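Enquirer: The opening position of the sequence shown corresponds to residue 1 in this note's numbering, with each subsequent residue numbered one higher.
Rather than coming from a laboratory, the hints here were simulated on the basis of the structure.
From a predicted model like this one, the values you see are computed outputs, not experimental measurements.
Using C-beta positions, here's what the derived DEER-type ranges look like:
#	residue 1	residue 2	range
1	Ser13	Asn52	20 to 28 Å
2	Leu140	Thr252	14 to 22 Å
3	Thr168	Leu15	35 to 43 Å
4	Leu59	Ala24	16 to 24 Å
5	Phe185	Glu90	42 to 50 Å
6	Phe147	Gln202	35 to 43 Å
7	Leu15	Asn57	16 to 24 Å
The beta carbon of each residue, even a glycine, is placed where N, CA and C say it ideally should be.
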Amino acid sequence: DDAPSLQTLSVNSRLGESSSGLGAIVYNDKNGYHSQVGAYLTYAHHIMFSRNPIDLNMLSFGLSAGMIQYKLDETEFLAEGFDPLIAGIEQSATNLNIDFGFSYHFIDFYAHAAVKNILENDGINFNEQGLSYNNLRTYLFSAGNVFSKFGSEWSYEPSLMYMYRDATEESSIDVNMKVYKEMEFGKLWGGLSYRRSFDGAQYLDGSGVSSQKLQYFTPFIGVDYNNFVFAYTYSYQANSVVFNNGGFHQITLGFNFNCTREKYQCNCPAVN
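The task is simple: from the sequences and hints, build the whole structure.
Expert: Next up, the structure:
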C-alpha cells in the first residue's frame, strides 16, 4: 500500500498541416508522505530545414505552463514529541510554473535541452520559521543517436543526459544504452542506464569519515504490442550508504490512442 505510484494521461497533436503542435499532460504522483497532482499545456513549433521526410533535419521549440498541487502529510511526524520545524498537519500549496526546451533532430541523431520550473514558488517548502526553498529550477541536456543497418530488425541507441539543479548546485550524468528488435506485433526493447553524481556526500563508517558519490545501475526491458506498452525497470544503488537495500522496481502499463502514421523515415520515436 505504501509503494510509490504514478498515473499519467497525455495527448499531443500537430495543428493541421502547420508547423506547430499542442500537447497536454495530467499526472498524479505519490511517494511516501509527498504527493503531487498537476496538469501542463504545451505549445511546440518546428522549423524544418530539409525538403522532404527522408532526410529529417528539424529544430523544435516548446513552452509548457502548468498548475501543480503539492502535498506533504506531516500528521505522523510528531509521534515522538514536539518539533518547532514541523507543523504536524497536511500541508498543501498550488503553484503555477513554466518549462522551456528545444530539440534538434538530424536523421537518427537528436539533442535536447530544457529548463524546468523556471518560476520560483515557495510551495510546501516554506514554513513559519522563515526557511524557504523556492528554487526548483532544473537544467537538462541530452543527446543520442540510433544506429541500424538497412533492412535489419535490430537497432542500437546510445545516449547521454546531464542534469543540474540550480538551488543545490548538484549535477549528475546518465550514460544509457538501448536496444530495439522489430517484431510482427510491434517491438521489443531493453537496455541499461548508469547514473553518477558529480557531488559527494560524507558519512561515518565506524572507522572515520568517508565520502561517496551517488550512483545507480538501472536495467530495463519492455515491449510495444500493437498499441499497448509494457515495461519493467529495476534501479540498484551501488553505494555503501543506500536509500533502500532491495533497490527500486517500476512497472509501466500504457496504451497509445489514435496514433497517426509515422511521418518521417527515421528511428526517431520522439518525432514520429
